[in-house]
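J.: Below, each chain spelled out in residue letters.
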Amino acid sequence: MYGELGLKLVRDAKRVQNLPSLPSYQTDLVRSTVREVRDLDRDNARILEPYTSASQAGTPSTFNPQDDPATACALLVNHLAMRRNKRCLLAYHRVRAQKLEEACWAGVDVLDRQAGGDGAGNGEEGGQGGAAAMNLSPEEEEYVRRYSDLLAAYKGQWTDIDLTGSLEPPRDLFVDVRVLKDAGEIQTEYGAITLSKNSQLYVKESDVERLIQQGYLQKLS
Amino acid sequence: MDIDISDILASVSPPSVSPSLLDLQSLTRAFIAERVAPSLLPYPSALMTRVLARIAAQIELVEHETGKVDPRANFRLVVLQTEVERWKYLVRALLRARIAKLADYPLFYLEDAEVSGRLSAAERQYLGARQGLLGEHYAVAFLGQFPAGLRRLDDASGGVRMVDRPDEEAAVFVRCLRDIGPVRVEGTDTEADMRRGDVWVMRWSVVREWWENGDVELI
Chain X
1 MYGELGLKLV RDAKRVQNLP SLPSYQTDLV RSTVREVRDL DRDNARILEP
51 YTSASQAGTP STFNPQDDPA TACALLVNHL AMRRNKRCLL AYHRVRAQKL
101 EEACWAGVDV LDRQAGGDGA GNGEEGGQGG AAAMNLSPEE EEYVRRYSDL
151 LAAYKGQWTD IDLTGSLEPP RDLFVDVRVL KDAGEIQTEY GAITLSKNSQ
201 LYVKESDVER LIQQGYLQKL S
Chain R
1 MDIDISDILA SVSPPSVSPS LLDLQSLTRA FIAERVAPSL LPYPSALMTR
51 VLARIAAQIE LVEHETGKVD PRANFRLVVL QTEVERWKYL VRALLRARIA
101 KLADYPLFYL EDAEVSGRLS AAERQYLGAR QGLLGEHYAV AFLGQFPAGL
151 RRLDDASGGV RMVDRPDEEA AVFVRCLRDI GPVRVEGTDT EADMRRGDVW
201 VMRWSVVREW WENGDVELI
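So the sequence lines, in the order shown, correspond to chains X and R.
Every letter in the first sequence is one number past the one before it in the UniProt record's numbering, and letter 181, counting from 1, is 181.
Every letter in the second sequence is one number past the one before it in the UniProt record's numbering, and letter 72, counting from 1, is 72.
Chain X on its own, in the form it takes in the complex:
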């Protein structure tokens, strides 16, 4: 009671910040925190009931905090606890939303991964470092879907510049890459290149940047 659940949420959010992938959404915790808020609100309404019914009967509202400090204090504590819970919930959801947005910017297909994590035995996917499954709530899935649309729309306004590209300053125009997964054939300005597994190529970095991000290619330094 009084913010204990909120604290758990914030602790979880803090943990999420340092994790490579999202742990599962705390549906129960969120639900009970919301329930706590509603209970507190109902408590407050009950405390105020004698006063409001009096005011409805014609006399102006009679509750004066100075007459009854104990009641006023109870109201205040309840109210502060509600606000605190709200903050905790906001913080929890925001941290997760931020993580998801980061993933969108980095070109990770979160929804794809989500589906991969749900289905049994996606061994190859799980074996690769950061490719752990994201555990989203349905609301978050919806958010990611709409956010990626928004991002695509914003990106589309900059035709020549790939906004989701690497934020490392470019050093060389061409890089050595090793192909980790078959990626088929890609078109570059020097003609088509076939990317077959385990081959090593010397290509223009901007041509293959997305494939590197998606884990098809590995950059060799």
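Careful, some of the hints might be misleading.
Not the full set, but computed from the structure, chain X residues with beta-carbon under 10 Å of chain R [what the hints assert, rightly or not]: (1) 83; (2) 138; (3) 154.
Simulated restraints on C-beta separations [claimed, not checked]: (4) X/46 x R/42: 48 to 54 Å; (5) R/205 x X/178: 26 to 32 Å; (6) R/112 x X/186: 41 to 47 Å; (7) X/220 x R/42: 29 to 35 Å; (8) X/197 x R/82: 38 to 44 Å; (9) X/48 x R/163: 26 to 32 Å.
I should point out that these hints are in silico values taken from the structure, not numbers from a laboratory.
We treat Cβ as the ideally placed atom computed from N, Cα and C, and that holds for glycine.
Start from chain X and add chain R according to the hints.
T.: What follows is chain R alone, placed relative to chain X:
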């Protein structure tokens, strides 16, 4: 809201600089300033239009020349492309730095007319849409079940505003481009004599005005 800093650049750099080099300088400066300043800076729209046009022209040139097999032209192309990649990087990093700031304080930049004037139209659209999405997400996830009085995201009751704002008092490194003379930092006894070429660590709120006039640059 766009600040014309070309006159300052002209006064600092030798007079015979080509306009493209000047643009590169201003772009680099805009990029560094945006990365360093704690709050969002005005969108350099004129500069960005020029820069984007330049990049587009260069890309076209590169595409046009690719067909030739002359090895010497090829080398020139590689140099050109490398340069184009660098310009692109600068633009990308500048835009991303702005987006990151917007993402941190969305309501602050949406609410205040003065600060929202610093955004480009595309950014404003993006930010508005994103905040809408986020608000909806919160509402569906939990706020919708809250008592009506507690549903707002920009509540100011209880003496605490819910809207976070960037820390204008954060310290930044500046280099003076002109003599400014003694500067007092409000609320403290500190006084600094700022001369051309000096490098100081100052509060952003203090030096902001001089940055806008082009008397200092952020580094």
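J.: Please go over all the hints and tell whether each is borne out by the structure.
T.: These are the hints, each one checked on the structure:
{"no.": "1", "hint": "83", "result": "7 Å, holds"}
{"no.": "2", "hint": "138", "result": "9 Å, holds"}
{"no.": "3", "hint": "154", "result": "4 Å, holds"}
{"no.": "4", "hint": "X/46 x R/42: 48 to 54 Å", "result": "53 Å, holds"}
{"no.": "5", "hint": "R/205 x X/178: 26 to 32 Å", "result": "50 Å, violated"}
{"no.": "6", "hint": "R/112 x X/186: 41 to 47 Å", "result": "46 Å, holds"}
{"no.": "7", "hint": "X/220 x R/42: 29 to 35 Å", "result": "42 Å, violated"}
{"no.": "8", "hint": "X/197 x R/82: 38 to 44 Å", "result": "30 Å, violated"}
{"no.": "9", "hint": "X/48 x R/163: 26 to 32 Å", "result": "29 Å, holds"}
Taken one by one, the earlier hints fail for this structure at numbers 5, 7, 8, listed in ascending order.
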